[in-house]
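> What follows is each chain in one-letter form.
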Amino acid sequence: MATKQHDGRPLPTYVETAAEDGHLRSLLNDCVHCGFCLPACPTYQLWGEEADSPRGRIQIVGQLVAGAPVHGAAAEHLDRCLSCLACVSACPSGVRYGEIIEEARAKVERANARPLPKRLGREAIFALFPYPRRLRAARLLLKAAESTGLRKLLHYHWLSSHLPAILMATERLAPPVTPLERLPPRVPARGPSRGAVGLLVGCVQSVFFSHVNAATARVLAAEGFDVIVAKGQGCCGALSLHAGRMDEAARLARKTIDVFRAEGVKLVVANAAGCGSAMKEYGRFFAGDPPYTEPAAWLAERTRDLSELLAEAGPRAERHPVPMRVAFHDACHLAHAQGIRSQPRELLGQIPGLELCEVGDDTCCGSAGVYNIVEPDAAAELGRRKAAAVRATGAEVVVSTNPGCLMQIGAWLGSAGCALPTMHVAELLDLSIRGGEAPRRPLTRPST
Amino acid sequence: MSPSSPVAAAVKALGSVLRSGALLTDPVELATYECDGLTNFRARPAVAVLATTAEEVAATVQTCARFGTPFVARGSGTGLSGGSVPRSDGVLLVTAKMRSVLSVRPEDQRAIVEPGVTNLAVSRAGAPHGLFYAPDPSSQQVCSVGGNVAENSGGAHCLKYGFTTNHVTGLEVVTPEGETVELGGMAPDTPGYDLVGAFVGSEGTLGVATKVTLRLLPMPEAVQTMLAAFADVDSAGRAVSAIVAAGLVPAAIEMMDALAISAVEAAVRCEYPAGAGAVLIVELDGPRAEVEEGIAEVRRVCEEEGAFEIRFAADNTERAAIWRGRKAAFAAMGRLSPSYIVQDGVVPRSSLGDVLHEIGALSEEAGIRVANVFHAGDGNLHPLVLFDDQVLGEEERAEELSEAILGLCIARGGSVTGEHGVGLHKLAAMEKMFSPEDLETMLLLRSAFDPEGICNPGKAVPTPRLCGEPPRPCQGSHPLQEAGVAEIF
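Top line first, the protein sequences correspond to chains A and B.
Last residue of the first sequence: 448 in the numbering used here, with the numbers rising by one and none dropped.
Last residue of the second sequence: 937 in the numbering used here, with the numbers rising by one and none dropped.
Keep in mind that the hints were calculated from the coordinates and are not lab data.
One or more hints might be untrue.
[As the list claims (entries may be wrong)] Lysine to any residue pairs mimicking SDA-like chemistry, simulated, CA-CA at most 20 Å apart:
no.: 1; chain 1: B; residue 1: Lys545; chain 2: A; residue 2: Glu381
no.: 2; chain 1: B; residue 1: Lys545; chain 2: A; residue 2: Trp47
no.: 3; chain 1: B; residue 1: Lys545; chain 2: A; residue 2: Asn112
Could you put the whole structure together from the sequences, leaning on the hints where they help?
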C-alpha cells in the first residue's frame, strides 16, 4: 500500500481527535429517541432487540464517545448494521445516521475490536474487492471451477459445512461467470451531443457485471451523451467508506477524483447505487483535507446516478416494446441515501409493453456492500424474505439499480427454486432501445 | 451488579429457568434499554429478559416474586412519561419480541395479539377483512399493543372512537405474583368487576399482559380529511368549539401552532399553507352522505371563524400527506431544539383559547419556547417545551414551565395527563391533582394485585415514603382497613 500521496506528502492517517468526537456527539444529539426508526430497520425486524436498532446503535455510539470499550458487544452490534439508511428515511428528527455509523465503524476498525477470524475474513475481502485486476484473476478461478464442476462440488453437504462460512457465502452469491465486455475509452453520442459524461465502471461491476457497464454506455450514447470511460479508474472507495476503513477509502476516492478531473467531464455517471452515494459524499469526506476539499466537492456535485441523469434529460432514442412483467426493487443506497425513487420507475414506465410491479416489502435485501459476506446469517434471512416478496409479485424478471442487490436477490430466488433473471435498469433500457432484432453496436470485444 | 446484591440471586435463578439468549447481561446492551421516549429519566437495568413466549414472561415474574426483585415491563420503549424506565436493582421484562398476531376473527370483529405487536400491525391484520383498529397514537407504526394497554393510549381518532380501554375486551395477564389469569374475553363486557378496565391504563403496575383481545371496527365507507389554515390559534380554537357545538362528531380535530408547523415543515416538508398561525386537521368518517354533509358544515364553520385557506384530501396519498406533518410533530422538534419535554394536559374544550394565551405568557416570561400540538377536539394539549440541555439551568427552567402548564390545566378543571400516562414524569403533579385519600385508595387497588410492591414500583401513583422505608406501597394498615371497609389480601 502506498504511504505517500502523488505530491510526495505522507498520506494523512485518520486520527481520532477530540474534535472528531465532538462532531459525533453533535450528530448523536439530533436523536430524540422516539423510536420511529425501529420498524424501518431490517435487523430490528429480524430480532426485535434494541441494540440491533438504529436508536440502540446510536445509544451504543454514545457510550463509545463517553469512553466505553469498543470491543465485544459494541463492535458486534455496529457490525450487524446494514447501513441501508432506511432509518434516515423514517427519521422525523433528521438524524444523519449514515455519518454516525461511518464514524463509529472507523472507531471499530482503529480499535481492532473484532475477533481474529472475522478480522482475517474482512482483510481478505478488502484485499480483493476494490482491485479490478485481482478480481479478474478471481474471475478466472471461478470460471475454471465452473467448467471443471468444482463449483458444484462445493455444494456437497460435508464440504460446505467444513469450509469457512465467509467462503461459502461468497460462492453462493457470485453470479455465473459471463464474458467480459470491455469498453473503449470513448463511446460517441448518437446524433447531436448533449455533452460528455464520465462513466464509473467500478470494481466488482467492471469484472462481474461488465455487461451492465456496456449496456449503460450504449444507453447513454443512444440518448445523446458522449461517454468517457476514464482510464486508470478503479474502485471509488464506497465499500471501504461504508465499512469505516477511512484511510483506504480516502486513497481510493482520491484516485477516482484525480481520474475524472483529468478528463474535465460535465458529469460523472454511476450505475451502482452504493458508488454514486459515496461519490456524492466525497465533499463532506474531504472537507477537512484541504488539497482535496475543492476537487472532492467538484466531483460530488457532478455525480449522477444513471436513472437520475436519464430522467432529468428526458428520452431521445426510440423505445421498442419489451412485453414483460417486471418487479422493481429499490436499492437502499439509491432510495434512502440519494432520495432517488421515482426516476428509475419513470424510465421503466417509458418502455412500451412493460408491466411494472412493486415489490411490496421495501426492506433491504441483505446485500448491503459486503454485508452478505461478513454477516451471512442475517443477510440470508433478509434475502429469503426479499425473494418471497419478489415471487409474490408474479414478475418474470427482477430489476434494480445496484449489482449487489441483483446478486443477492438472484441467489435467494435461485435457492427458493424460482430462478428469475435479474437485470439492471440499464440493461432493460438497452434492450428496449436496441429493439428485439437490432444488432448490438460493435462496442465490445471478446474477452481473453 | 455485585455478586452479593439482592438481584444477583434472582438473575442466577432466571438463568436456569429461561432459554439461553433470553437473558441480557452485557452492560453495553443493557444501556440501550435505559430509557423510553422521554430521555431525561434513565436507569440501566440489572438484567433484561427478552421474552418470546407467555411462559417465559410467567417464569420471569415468578422468579422475581420469589426473590422479591422489582421488575418493569417494556414494549417498544416509545412511552412519553418514563413509564418503562427500568430499575437498576431490578429486571426489565421486554415483550418486543412477542409480535405474533395470534388470530383475526372477522365474524367476531376481534383480533388476539401478543403484547409486542405494533398498533399499526393490528390494523394491517384487519385490513384484508375490511376491519381496522381505531386507537391510533402518533407512534402507531412502532408502539406496541402491550404498551398501549399499559398506558391506555389515545391518538388523533379517539375523539370519536375512544381510547384503548374502549377497544380491549380481554387480556391474558401474568399477575405480579406470577399467576397467569384471564380477564374479560371476547364479549364486549363481562359481569363482575371490570378488571380489564382496571388493568388498561394501570401503567404496568398490576401485571404483564401476554395476550390481548382487541375490538376491530369496520372501515368507514368514506373518509374526508380537511386542512384549514388560520391566522392565529384563537380563531382556530373558536372553530373547534363551533364544530362541536354544531353537533358534528368528527373522527379527529387536531391543531398545530406556528412553531410546531415550522418544525414539521423542516422534518417532512408537508407543505402546510404558508403564513398560518395555526392549522386545524379535521377528519370525518362514516357513511358517504353523512360525511359529505358534515364536511360542508365544517368548512362553513371554519370559514366563518376566519380560515384563510382550506384544503381537502382528494385521495389516500393526499390524506397521508396532511397527516404526515401531525404524526411526525413530536420527533420533528429535534429540528428546532436539542431537547424538549412533551407535556400532556387536558382542559375543557371551551377554554382552549384562553389556556393557549396563558401558556404563551408563561413561555415568554421564562424565555423558553413552547410549540403546541394537540388533540383539539378532546381538549388534550401537547405543549412541547423546548430547551437546550447543554445550557446550564435551562432544563430546570423548562421543567418548571412544564409544571406550571399542568397547574393551568388543573386550575381549569382539567387533567395532568390525557394519554401519555403518569409514569415518573407526572408523579408530583398527581399530588396536586388528587387528595392524599384519593392516592391512598389507588395504592390500595394496586396492592390487591401486587402485595409485595415489585411490579413497576415507583411509577403511576406517588408512593408516600418515610426516610429509610423500603419502597413499597401501603406500609402498615390502611385507614380503610382500620375502618373495616377494605381488606388487603
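> Work down the list of hints and note, for each, if the structure agrees.
Going down the list of hints, with the structure as the test:
For the suggested pair Lys545 of chain B and Glu381 of chain A, the alpha carbons sit about 17 Å apart, so the restraint of at most 20 Å is met. Between Lys545 of chain B and Trp47 of chain A, the direct Cα distance comes to roughly 7 Å. Compliance with the 20 Å bound is thereby established for this hinted pair. The straight-line distance between the Cα atoms of Lys545 of chain B and Asn112 of chain A is roughly 32 Å, outside the 20 Å bound, and the hint therefore fails.
The structure fails hint 3 only (numbered hints given earlier).
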